[in-house]
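For this one, chain C is given, so just place chain A on it according to the hints.
Residue numbers (the numbering used here), protein chains in the order written: chain C, 1 to 283; chain A, 284 to 781.
None of these hints come from the bench; they were simulated from the model.
Values in this document were obtained by computation on a predicted structure and should not be read as measured data.
Think of the CB as a built atom: it goes at the ideal place given N, C-alpha and C, for glycine as much as any other residue.
It cannot be assumed that every hint is accurate.
Claimed, not checked - If you want the footprint, here are the derived chain A segments under chain C, 3+ residues with CB under 8 Å: (1) 351 to 359; (2) 575 to 581; (3) 756 to 766.
As the list claims (entries may be wrong) - Selected chain C positions facing chain A (Cβ under 7 Å, derived; list incomplete): (4) Met-95; (5) Gln-236; (6) Ile-261; (7) Thr-262; (8) Ile-267.
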Amino acid sequence: MKSSRARSIAANSAIYVILSVMGILWLIPIAWLVLISFRAEPGAWTPYILPQSYTLDNYTRLFTDTQLFNYPRWFMNTLIVAIFTCVISTVMVLMTSYTLSRLRFKSRKGLLNLGLILGMFPGFMSMIAIYYILKAMGLSQSLLALIMVYSGASGLGYFIAKGFFDTIPKALDEAAIVDGANQNTIFWQIILPLSKPIVIYTVLTSFMAPWVDFIFVSVIMKDNYNNYTIALGLYQMLTRENIYRYFTQFCAGAVLIAIPITILFVIMQKYYVSGVTGGAVKG
Amino acid sequence: MIELEYIDYVTLSPLRRLFYRLSQGIRHLPRRTVDLAQRTGGRIRKRTLAFGRAVKSYGTIFRQGDIKTRLSYLVMGAGSFLRGQVAKGLIFLFLQAAFIVYMVTFGIGQLALLPTLGIATKKEIWNEKLQIYEYIQGDNSMLILLFSVVTIFIVFAFLGVYLANIRLAYRNQQAAGRGEHLPGIVRDIRNLFDKNLHVTFLSLPSLGIVMFTILPLIFMILIAFTNYDKSHQPPGNLFTWVGLENFRNIFWSNPTQSRTFVGIFQWTLVWAFFATFSNYILGMILALMINKKGIRFKKFWRTVFIVTIAVPQFVSLLLMSRMLADQGAMNVFLGYLGIGPVPFLTTALFARITVIVINIWVGIPYTMLITSGILMNIPADLYESARIDGAGVVKTFTHITLPYMIFVTTPYLITQFVGNINNFNVIYLLTGGGPLSLDYYQGGKTDLLVTWLYKLTVNNQDYNLASAIGIIIFLITASLSLLVYNLSGSSRKEESFQ
Chain C
1 MKSSRARSIA ANSAIYVILS VMGILWLIPI AWLVLISFRA EPGAWTPYIL PQSYTLDNYT
61 RLFTDTQLFN YPRWFMNTLI VAIFTCVIST VMVLMTSYTL SRLRFKSRKG LLNLGLILGM
121 FPGFMSMIAI YYILKAMGLS QSLLALIMVY SGASGLGYFI AKGFFDTIPK ALDEAAIVDG
181 ANQNTIFWQI ILPLSKPIVI YTVLTSFMAP WVDFIFVSVI MKDNYNNYTI ALGLYQMLTR
241 ENIYRYFTQF CAGAVLIAIP ITILFVIMQK YYVSGVTGGA VKG
Chain A
284 MIELEYIDYV TLSPLRRLFY RLSQGIRHLP RRTVDLAQRT GGRIRKRTLA FGRAVKSYGT
344 IFRQGDIKTR LSYLVMGAGS FLRGQVAKGL IFLFLQAAFI VYMVTFGIGQ LALLPTLGIA
404 TKKEIWNEKL QIYEYIQGDN SMLILLFSVV TIFIVFAFLG VYLANIRLAY RNQQAAGRGE
464 HLPGIVRDIR NLFDKNLHVT FLSLPSLGIV MFTILPLIFM ILIAFTNYDK SHQPPGNLFT
524 WVGLENFRNI FWSNPTQSRT FVGIFQWTLV WAFFATFSNY ILGMILALMI NKKGIRFKKF
584 WRTVFIVTIA VPQFVSLLLM SRMLADQGAM NVFLGYLGIG PVPFLTTALF ARITVIVINI
644 WVGIPYTMLI TSGILMNIPA DLYESARIDG AGVVKTFTHI TLPYMIFVTT PYLITQFVGN
704 INNFNVIYLL TGGGPLSLDY YQGGKTDLLV TWLYKLTVNN QDYNLASAIG IIIFLITASL
764 SLLVYNLSGS SRKEESFQ
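Next comes chain C alone, as it looks inside the complex (with noise of 0.2 Å):
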């Protein structure tokens, strides 16, 4: 008995050893990140480690220093697109998985089917047909197409919501058509309230896409500095004309907008695990 326990001890102190050597690697970047966002000294690459010396400059200057990366401009931009997206997602989501959830009509089958193919083909294959319609229809390198391309095809990410919706007993609607509903009550009055977790969670991933995308946002605006989001934005400043000059400030940057997208992927990562799992694994 004595020495099983002290294998145990043993053996959790080796865990505690992995885990904190473990945790010390992830957060290495993250760290880095951080401490390089208040170096003084400019540059992407010193023959040093640790910053010689700090400042808040990187910070005060991209909200100051706005003649060749409009940093407020592009958070601003990537917040109205961020609104917009997330608004009409949310809503064509949760309608198309619904729909193909709990109502019964003759082309269902057929229309799940097109999903699960459309959603083989690689996403980007598409993008420069894309570029070409917005631009037919007047829009190219405007915010409006961007939210047009974010929330467009969004109807088919259902699948996850569609998992969630499945869930719900049958038996509730039925109870509703006998006191008298009709389908698009049951939906608002009955369905959507119980359905709290999914609507969280299709409302902060789809109002985090516009945050972290930055392959249609420059396929879109090109070279239309103005209309840039974030993401794209603080790509520039890693260019090779560029980094040397701001890669601090592309810290700073990274730093500001990691802040939120961490709070809100904190709050939701219960919702994430469920909604990955209930899709993804057979149990």
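What follows is chain A alone, placed relative to chain C:
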């Protein structure tokens, strides 16, 4: 291997069960393929028959229809309008007028150019009077193709509306014959929120999906059969149909391109394999360690790793790529230890190892989050009996935990594998696909098929090649997904057993 009775099957150990299922899967592969082909054939036959019946039914309607119904074949909405459904009739009529105007002024012209994708190039002509060169706008192949696809979509949509109009007219005729009152527009609108709610709810999302996914996708699929590359850029130049030439080039007739394709394809598979399994196994070990009985501050440990997921990838990965550069912080640190600069991202082998290792940094926290719940559900008596039999930690992991997890999460694993084939961020942000190689056509040694596709489109404007690669990626992921579907299908069957 023989087929086991269910009772024998359940007595197998989880690992044996997995092997059993795999071997059964392989043994049945030929039969299943034949099955699939037969089923598809049957389905096609059924569809064709159904189509024939549908065509015939519209003939029958015409023969049995009265004058109002027959008029609907020519003037849409007549069958509604003349029977008192004024609003509906007018909507049909308006759609018909709009369609005719669109086709006459624009649509037919575009479709006529579709077979050639335009013949007139942009020309300059000497204007004697003004003494200048004038440019004559030529055809723009890209716009012709795009608008043709749009027009074809519109034609099909219109056809649907047209047939609906005929069916409605006939239904009205029958209802009127029975002396029933025909439903007005108000009733139809009310139905949209009840019996036909799916129409209301799906109309907007479908419009978005058609415009931003299906239309661009069909356009790009068609591009794969043209020569729309760098030297055929509209509006200056035309491009045209070339059939399967792009695919031929990729597979054999263009040595540089096929060498690049084969190299990148192999690396994509190697990458997907290592990226998937390293994350899976290490993430599971991490989850086991955090969730082990007696380990304290579980929530703290979990948060440490979750924070790294939360930081946007373009931030963390771009930063890492700068840290690992030849003069980056990592090499400075190694310099302190007296180790020469390591070319983390600049030689092929090192860069490949680096991206896999960094991907572990990126991916382990996800696996930890996702597997935690399942790990807690492994029946405790399995561990108990293993302990009594004297199995150590490692043996318990390889003989119980791992087989059990693989057994339960096969679909998840394959989705991950497909996801890694398309893992754009890690590669593009870390190495940009580099180090570049002269053997390759516009690709680098860590490029995956998707990043290659991206570079061909954005940097090189070889849209034809990129589209062909996109189709190949689709075929790969689709067949893998089919496999998942079959495996999870069999597991579902097994559950219904129990």
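Against the structure, the hints come out as follows:
no.	hint	in the structure
1	351 to 359	violated (count 0)
2	575 to 581	holds (count 3)
3	756 to 766	holds (count 5)
4	Met-95	4 Å, holds
5	Gln-236	11 Å, violated
6	Ile-261	6 Å, holds
7	Thr-262	4 Å, holds
8	Ile-267	10 Å, violated
Of the numbered hints stated above, those contradicted by the structure are hints 1, 5 and 8, listed in ascending order.
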